[in-house]
Amino acid sequence: MTKSPDIAAPPPGWITVARKEIADHLHSARMLVVAGLLTVTGVAAVYAAGGRIRDVASAATDDPALFLKLFTISIENTPFAFVNFVALIGPLLGIAFGFDAVSSERSQRTLPRLLAQPIHRDDIVNGKFVAGLAVIGILLTALMALVAAVGIIRLGIVPRPDQVARLLVYLAVSCVYIGVWLAFALMLSILLHRAATAALTGIGAWLVLSLLAGLIVQMVAGVFTTPGTIENAEMQQALGRLSPAFLYEEVTAALLTPELRTLGVILPEQAFRAVPSQLPLGQSLLLVWPQLAALVALTAVIFALAYVAFLRQEVRL
Amino acid sequence: MDDSVTRPAGPAEAARPGVTTVLDAADLDVIRIDRLTKRYGDVTAVDRLDLRVRRGEVFGLLGPNGAGKTTTILTLLGLIEPTSGSVRVLGLNPVTQAIKVKQQVGYVPDSVGFYPTMTGRENLRYTARLNGLRHAEDRIADALDQVGLADAADRRAGAYSRGMLQRLGIADALVKNPSVMILDEPTIAIDPEGVQLVLSLIRRLRDERGMTVLLSSHLLYQVQEVCDRVGIFVRGRLVAAGSVRELSERLAQGRTVTEIQVGGDVDAAARRVAELDEVQQVDREGDLLVAVCTADVRARIAETLIGAGHPLLHLRQRSSHLDEIYHRYFHDEIT
Numbered sequence: 001m002t003k004s005p006d007i008a009a010p011p012p013g014w015i016t017v018a019r020k021e022i023a024d025h026l027h028s029a030r031m032l033v034v035a036g037l038l039t040v041t042g043v044a045a046v047y048a049a050g051g052r053i054r055d056v057a058s059a060a061t062d063d064p065a066l067f068l069k070l071f072t073i074s075i076e077n078t079p080f081a082f083v084n085f086v087a088l089i090g091p092l093l094g095i096a097f098g099f100d101a102v103s104s105e106r107s108q109r110t111l112p113r114l115l116a117q118p119i120h121r122d123d124i125v126n127g128k129f130v131a132g133l134a135v136i137g138i139l140l141t142a143l144m145a146l147v148a149a150v151g152i153i154r155l156g157i158v159p160r161p162d163q164v165a166r167l168l169v170y171l172a173v174s175c176v177y178i179g180v181w182l183a184f185a186l187m188l189s190i191l192l193h194r195a196a197t198a199a200l201t202g203i204g205a206w207l208v209l210s211l212l213a214g215l216i217v218q219m220v221a222g223v224f225t226t227p228g229t230i231e232n233a234e235m236q237q238a239l240g241r242l243s244p245a246f247l248y249e250e251v252t253a254a255l256l257t258p259e260l261r262t263l264g265v266i267l268p269e270q271a272f273r274a275v276p277s278q279l280p281l282g283q284s285l286l287l288v289w290p291q292l293a294a295l296v297a298l299t300a301v302i303f304a305l306a307y308v309a310f311l312r313q314e315v316r317l
Numbered sequence: 318m319d320d321s322v323t324r325p326a327g328p329a330e331a332a333r334p335g336v337t338t339v340l341d342a343a344d345l346d347v348i349r350i351d352r353l354t355k356r357y358g359d360v361t362a363v364d365r366l367d368l369r370v371r372r373g374e375v376f377g378l379l380g381p382n383g384a385g386k387t388t389t390i391l392t393l394l395g396l397i398e399p400t401s402g403s404v405r406v407l408g409l410n411p412v413t414q415a416i417k418v419k420q421q422v423g424y425v426p427d428s429v430g431f432y433p434t435m436t437g438r439e440n441l442r443y444t445a446r447l448n449g450l451r452h453a454e455d456r457i458a459d460a461l462d463q464v465g466l467a468d469a470a471d472r473r474a475g476a477y478s479r480g481m482l483q484r485l486g487i488a489d490a491l492v493k494n495p496s497v498m499i500l501d502e503p504t505i506a507i508d509p510e511g512v513q514l515v516l517s518l519i520r521r522l523r524d525e526r527g528m529t530v531l532l533s534s535h536l537l538y539q540v541q542e543v544c545d546r547v548g549i550f551v552r553g554r555l556v557a558a559g560s561v562r563e564l565s566e567r568l569a570q571g572r573t574v575t576e577i578q579v580g581g582d583v584d585a586a587a588r589r590v591a592e593l594d595e596v597q598q599v600d601r602e603g604d605l606l607v608a609v610c611t612a613d614v615r616a617r618i619a620e621t622l623i624g625a626g627h628p629l630l631h632l633r634q635r636s637s638h639l640d641e642i643y644h645r646y647f648h649d650e651i652t
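Keeping their order, the protein sequence lines are chains A and B. The first sequence begins at 1 in the working numbering and counts up one residue at a time. The second sequence begins at 318 in the working numbering and counts up one residue at a time.
Heads up, some of the hints might be wrong.
Output of the computed footprint for chain B on chain A, the stretches with three or more beta carbons under 8 Å from beta carbons of chain B [claimed, not checked]:
{"#": "1", "segment": "99-111"}
{"#": "2", "segment": "147-156"}
So the derived label-pair ranges between C-beta atoms look like this [as the list claims (entries may be wrong)]:
{"#": "3", "chain 1": "B", "residue 1": "R472", "chain 2": "A", "residue 2": "R109", "range": "47 to 57 Å"}
{"#": "4", "chain 1": "A", "residue 1": "A300", "chain 2": "B", "residue 2": "T361", "range": "56 to 66 Å"}
{"#": "5", "chain 1": "B", "residue 1": "T361", "chain 2": "A", "residue 2": "P12", "range": "29 to 39 Å"}
{"#": "6", "chain 1": "A", "residue 1": "A205", "chain 2": "B", "residue 2": "V360", "range": "32 to 42 Å"}
{"#": "7", "chain 1": "B", "residue 1": "G559", "chain 2": "A", "residue 2": "R109", "range": "28 to 38 Å"}
{"#": "8", "chain 1": "B", "residue 1": "D613", "chain 2": "A", "residue 2": "S104", "range": "25 to 35 Å"}
{"#": "9", "chain 1": "B", "residue 1": "R473", "chain 2": "A", "residue 2": "R30", "range": "12 to 22 Å"}
{"#": "10", "chain 1": "A", "residue 1": "S104", "chain 2": "B", "residue 2": "G383", "range": "21 to 31 Å"}
{"#": "11", "chain 1": "A", "residue 1": "P12", "chain 2": "B", "residue 2": "G358", "range": "29 to 39 Å"}
{"#": "12", "chain 1": "B", "residue 1": "A619", "chain 2": "A", "residue 2": "E314", "range": "53 to 63 Å"}
{"#": "13", "chain 1": "A", "residue 1": "Q313", "chain 2": "B", "residue 2": "T361", "range": "18 to 28 Å"}
{"#": "14", "chain 1": "B", "residue 1": "V360", "chain 2": "A", "residue 2": "R109", "range": "16 to 26 Å"}
It should be emphasised that the hints constitute simulated quantities derived from the structure, not laboratory data. Backbone N, C-alpha and C define an ideal beta-carbon position, used for all residues, glycine too.
Produce the complete structure using the sequences and hints provided.
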């Protein structure tokens with residue numbers, strides 16, 4: 001009976017790994033950079049939107065979704081609202097907290113030692129993913145709380161329960177979306193041995209899928225259909241949905257714009273004489289349920305790929 | 318705990334026909350490798366390896382780089398699955414019971430690394446947590462003390478020298494209080510003083526804690542003094558195993574080599590020595606005469622030389638170095 005008294009129901013390995021990784025992230029320089037970046041964008045978005053929201057508020061005196069406008073109204077003369085900032089910077093966050101997750105263990109030569117501890121091999125990947133997601137979740141929650149707080153103080157509007165629920169769902173979906181990128185970065189850190197290569201690949205994919213996707217989709221759709229027709233618009237939408245960025249944009253729109261009734265192509269005659277009204281949260285969610293499912297599935301698939309790659313990989317590589 | 322260690326070995330052995338008294342021997346063999354083969358595509362890294370490491374001994378797995386030493390070690394930890402053959406560590410199968418094996422086996426990898434921004438102590442604390450040890454501060458302090466890093470414990474590991482990292486690696490493996498230690502190239506890339514520290518540490522682990530130690534190295538000189546037994550490993554195959562003395566005797570085939578140093582006319586002295594019946598050959602190596610003899614004739618050589626008036630300054634029977642042994646086996650293997 002060699003069991004020591006101090007072994008008492010130890011926590012699973014992934015929790016230990018996640019705790020250490022979270023502590024590392026919180027103390028790291030990249031955390032400072034990312035937090036700084038987020039603070040600046042958050043404050044900029046809310047201050048800039050603050051000016052315009054008064055105009056909106058005076059135009060639609062009893063707009064029930066006024067508080068949500070704080071997040072969706074773009075800064076004057078730019079296409080950037082708070083949600084656009086998150087959509088743009090979110091993937092970068094995922095990449096920042098994942099691109100060197102496993103390759104740094106290799107370059108510091110700590111991986112063989114880590115694998116020789118009595119934990120399952122997948123505990124390492126799981127722990128790192130959970131840690132990354134937790135830190136991102138904390139940052140994003142803090143950022144939204146900051147924006148909401150500044151909005152409440154500056155504009156004097158108080159959110160209603162329905163709007164709070166919408167914002168919480170939006171927060172959760174944003175975490176899932178960033179999770180896609182975190183899983184992707186984690187996979188790169190396993191497959192590519194140099195952190196710099198992984199970071200570049202991740203940023204490249206991010207550029208293609210979120211910034212250039214619209215352009216590419218337009219080009220491809222233009223080849224097969226005549227621009228300006230319904231077919232063209234529908235094809236653009238179908239192709240665009242291949243990119244997680246586009247899916248996320250649709251979800252965001254449905255969640256934070258309660259007036260939005262459909263994501264499909266609408267002709268002016270179809271909208272003619274439609275009574276402007278707002279959907280309840282449940283109906284908005286129903287609208288983007290396929291997109292939500294796709295985002296969750298995509299995270300799961302990419303994470304599974306990373307996972308399998310890690311389990312099959314040679315220890316000494 | 319002990320029951321569960323020996324039980325898996327029991328039925329497996331009983332199932333083998335014609336083997337009845339193997340249980341006692343199995344208890345002594347902490348590591349048993351039978352016909353282990355590992356192939357990567359066309360390359361055979363380990364080829365039908367048989368190896369036994371007994372309880373409480375320091376076993377040196379020696380061979381040139383790329384001989385398959387690390388592959389063998391990683392197989393013992395369940396980090397590489399064998400293509401064929403069986404591996405048992407403390408009676409456990411590392412492929413199916415990896416966690417149990419890793420609870421009891423301390424492993425210090427080849428040029429071990431630590432998280433540079435954490436202190437030595439923090440690094441060990443992480444290892445202790447991964448091992449499910451909650452209140453391990455005393456154990457960590459003890460391990461650091463054992464390897465002589467108590468003073469440097471709260472410095473960042475990034476500032477450690479290679480030799481310190483190696484010792485921290487040993488402390489790291491000690492935290493879980495293992496019954497077996499596996500060290501991959503423990504003396505590589507550290508200065509001679511560091512090598513001596515590491516070697517004396519290995520000796521202490523065996524003598525004071527009764528630990529079984531398996532170490533691999535290609536620097537035979539450095540490790541020969543701590544190894545109770547060694548195995549010479551070349552191109553995935555174990556070409557010889559035994560204590561250093563056994564190997565050298567087997568290699569010498571009854572011949573001995575004697576070093577002689579005389580003052581005065583060295584050539585005349587060489588001729589005198591060569592005239593003896595048991596002396597096959599006399600060579601000069603600088604100041605030394607080196608006589609290859611069929612038996613130990615040191616007394617006769619001394620008598621002869623002093624009788625002939627040569628001042629005898631030095632007389633010593635050379636024991637075969639592991640280096641010689643290794644070169645010999647290595648060359649046999651290549652040609």
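Just pull the numbers of the violated hints for me, sorted ascending.
Those not satisfied are hints 2, 3, 4, 8.
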